[in-house]
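Input sequences plus hints: build the corresponding full structure.
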Amino acid sequence: MDIALEPIPAAPAPAADASTPDLPPSLPSLREVTTGLAGLLALGAAGAVGAHGLTLHAFPGALWTSAGALVLTGPALLVVHQFLGLQAAPDRVIGSLAHALAKGGIFALGLVPFQLFFSVTTTRGPGFLALLLCGIAGSGLLAATRGLVDAELHAGATPMQRLHVRGLAAGWALLTLLVGLRLGWEVMA
Amino acid sequence: MSGLLAVVTAQALTGGLGVAYLAGGVVVAGLLEQAGRPRGTVLGALVAWPLLLPLLGEAPSPTAPALPPGPLRGRIDQVLGALQDTLGDPAASEVPWEADLAGLRRALEDADSRLALADRLLADGTDGAEEAAAQLRAARARRADAVRAVLAEVQALRLQVGMAALAGDDDALSSRLQELSTRAATLSEVA
Amino acid sequence: MILIHRAAELLRAPGAMVDRIEADASFAEEAPRLLALLALGALTFGAVVGGYRGGLQVPFAAVKLPLLFLVPMMLVLPALRGLWSLCEVDVSYQRLVTAGLVGGARTALLAAAAGPVLWLLFGVMDYHLAVLSFVGVLGLCGLPGLLVVARAVPAGGRSRWVALGGSLVLLGLASMQTGWLLRPFLVRPQSTDVVLLRPVEEDVFSAVETTAWSALGVYDSESDFGRPVYRGTR
Numbered sequence: 003m004d005i006a007l008e009p010i011p012a013a014p015a016p017a018a019d020a021s022t023p024d025l026p027p028s029l030p031s032l033r034e035v036t037t038g039l040a041g042l043l044a045l046g047a048a049g050a051v052g053a054h055g056l057t058l059h060a061f062p063g064a065l066w067t068s069a070g071a072l073v074l075t076g077p078a079l080l081v082v083h084q085f086l087g088l089q090a091a092p093d094r095v096i097g098s099l100a101h102a103l104a105k106g107g108i109f110a111l112g113l114v115p116f117q118l119f120f121s122v123t124t125t126r127g128p129g130f131l132a133l134l135l136c137g138i139a140g141s142g143l144l145a146a147t148r149g150l151v152d153a154e155l156h157a158g159a160t161p162m163q164r165l166h167v168r169g170l171a172a173g174w175a176l177l178t179l180l181v182g183l184r185l186g187w188e189v190m191a
Numbered sequence: 035m036s037g038l039l040a041v042v043t044a045q046a047l048t049g050g051l052g053v054a055y056l057a058g059g060v061v062v063a064g065l066l067e068q069a070g071r072p073r074g075t076v077l078g079a080l081v082a083w084p085l086l087l088p089l090l091g092e093a094p095s096p097t098a099p100a101l102p103p104g105p106l107r108g109r110i111d112q113v114l115g116a117l118q119d120t121l122g123d124p125a126a127s128e129v130p131w132e133a134d135l136a137g138l139r140r141a142l143e144d145a146d147s148r149l150a151l152a153d154r155l156l157a158d159g160t161d162g163a164e165e166a167a168a169q170l171r172a173a174r175a176r177r178a179d180a181v182r183a184v185l186a187e188v189q190a191l192r193l194q195v196g197m198a199a200l201a202g203d204d205d206a207l208s209s210r211l212q213e214l215s216t217r218a219a220t221l222s223e224v225a
Numbered sequence: 619m620i621l622i623h624r625a626a627e628l629l630r631a632p633g634a635m636v637d638r639i640e641a642d643a644s645f646a647e648e649a650p651r652l653l654a655l656l657a658l659g660a661l662t663f664g665a666v667v668g669g670y671r672g673g674l675q676v677p678f679a680a681v682k683l684p685l686l687f688l689v690p691m692m693l694v695l696p697a698l699r700g701l702w703s704l705c706e707v708d709v710s711y712q713r714l715v716t717a718g719l720v721g722g723a724r725t726a727l728l729a730a731a732a733g734p735v736l737w738l739l740f741g742v743m744d745y746h747l748a749v750l751s752f753v754g755v756l757g758l759c760g761l762p763g764l765l766v767v768a769r770a771v772p773a774g775g776r777s778r779w780v781a782l783g784g785s786l787v788l789l790g791l792a793s794m795q796t797g798w799l800l801r802p803f804l805v806r807p808q809s810t811d812v813v814l815l816r817p818v819e820e821d822v823f824s825a826v827e828t829t830a831w832s833a834l835g836v837y838d839s840e841s842d843f844g845r846p847v848y849r850g851t852r
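Chains as they are written, first to last, in my numbering: chain A, 3 to 191; chain B, 35 to 225; chain C, 619 to 852.
Hints may be right or wrong, so weigh each one.
[Said to hold, decoys possible] Covered by chain C, according to a simulated footprint, are these stretches of chain A (three or more residues, beta-carbon under 8 Å): (1) 42 to 51; (2) 68 to 78.
[What the hints assert, rightly or not] Here are some chain C residues pointing at chain A (derived, C-beta under 8 Å): (3) Leu693; (4) Ala697; (5) Leu701; (6) Cys705; (7) Val709; (8) Ser710; (9) Ser777; (10) Val780; (11) Gly784; (12) Leu799; (13) Asp821; (14) Phe823.
FYI, nobody ran anything at the bench for these hints, they're computed from the structure.
Glycine included, C-beta positions come from ideal geometry on N, C-alpha and C.
Written as structure tokens, this is what we have:
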């Protein structure tokens, strides 16, 4: 006698949250990323120009602290994200970071005239560079965490998963900020 | 590690930045000039070129080529300028007039530039084509009289603006302006 | 005549003017007119400010005031597009520049209109009050200009307030240092030393620190820990 076992119907996935904004493409274009990296490099160069003992290794400093922090903490984020069984696809997670880096770099490129002005007319160039990098980091991390949460909500997260992704995003942002500060300290020292 | 420009004073660096800024202005102004941008924009670029960088990436919008001024251009500018001032008065009519006035100006300037062409041809000499030259002179005179008649009616229209403001008769004013604009447009047709 | 029409438009409906310039694609034609209005208003206001001392200070201040309006704008506007984009608001650089020029011209014209009032006040004020009045008028007239830019940015963006705050901080810093570099604007009437620009020394932040210590009644002495420590009071 054959016993046909009916497959257990899978629980329907929760619907995607309609209140979250539409997601951008999963990864930014190569042009956006290149422009962003060039912007960080240019901002560092603007901070390195000037008199009064400014150091040459401030030149790649902006790129080193920003991109370096993301490179060091990104894999950890991806691992914990998958470990928690969250819904968003890995390329969306990476894409959130890449978008934040690209946009942060474009912001940095726009800040070059501002930084150059203060590097040339004051002795506080390094101080301004540090402040601007903190501002870029803050707004970039905010964008990245929003991207992570949006990706999860779009993938149809359960209430528990929403809690997890918000906690993960906040924790990762804090870690990245601390790592970035540590890298920045090594650059300025 | 020593600074990149440690021996340079802040004064010299600021001066250098200023020179570099002015050089940037000259370059951007040159590029805008080549792109056919208005003269005012080119001059503005010398001072505030970072604000005009978006213009470098876009093509200038196509505009009608400027018509060469004719013998009545000064009179046209004077009369239409006075009408524009009157219509632009806050107490004047609320009828939208910019488009009609622009059309009227274009038509009058077109007729005026055709008069200028006729004058140039007549000045070049007739070379035995006396009859044709006489016809051209007569047509030129009729066209110039027609333009002057339109300008006289435009001057009368200024007083009608005042009447409309007092009587509140914007419709009559609007139709009169459109009529003049249409009549001026026919000046370009072959008489 | 067209400048008068443009001045009326940017005083009455600046937001609509920004929209019109964008819709008509007439930035190339309108930008020099807005620059001209900004320069005229700032020149007039600068002449009034320089009139506190009179003489050469009148043209000196008149020439520098337009730069006080333009330089911070040119330093900060390139960064704003990136900042607002990070905060989920997409706005083009050209729209930002249009709004900046309309807002700047609006501020300049309002400041020029306040010129006669300031001139009357200068007649009864001492130097420090006159400086505070100058800064106060600039601040008051600057608010309508800043509002033009704030309203020109499209709605939306969950981090909008971050971008707004960041924009104000950047503009404030740039304006402070620009004003410091272009000083003096207001000169004491009895001063015989009238110069176009003072030498580039220190920066506005050092000056503010010194003034703050002076306000506490502590004046200069040598430094400890590599930092000036002010000992003694007047």
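How the hints compare with the structure:
1. 42 to 51: violated (count 0)
2. 68 to 78: violated (count 0)
3. Leu693: Hint holds; C/Leu693 Cβ to chain A Cβ min 5 Å, cut 8 Å.
4. Ala697: holds, 4 Å
5. Leu701: holds, 5 Å
6. Cys705: At 7 Å from the nearest chain A Cβ, C/Cys705 passes the 8 Å test, so the hint holds.
7. Val709: At about 12 Å, which exceeds the 8 Å cut-off, the nearest Cβ of chain A leaves the hint on C/Val709 violated.
8. Ser710: Status violated, d = 13 Å.
9. Ser777: At 6 Å from the nearest chain A Cβ, C/Ser777 passes the 8 Å test, so the hint holds.
10. Val780: holds, 6 Å
11. Gly784: The hint holds - C/Gly784 has a Cβ within 8 Å of chain A, the shortest such distance being about 6 Å.
12. Leu799: holds, 6 Å
13. Asp821: Holds. Min distance 4 Å.
14. Phe823: Since chain A brings a Cβ to about 7 Å from C/Phe823, closer than 8 Å, the hint holds.
Hints 1, 2, 7 and 8 from the list above are not met by this structure, while the remaining hints are.
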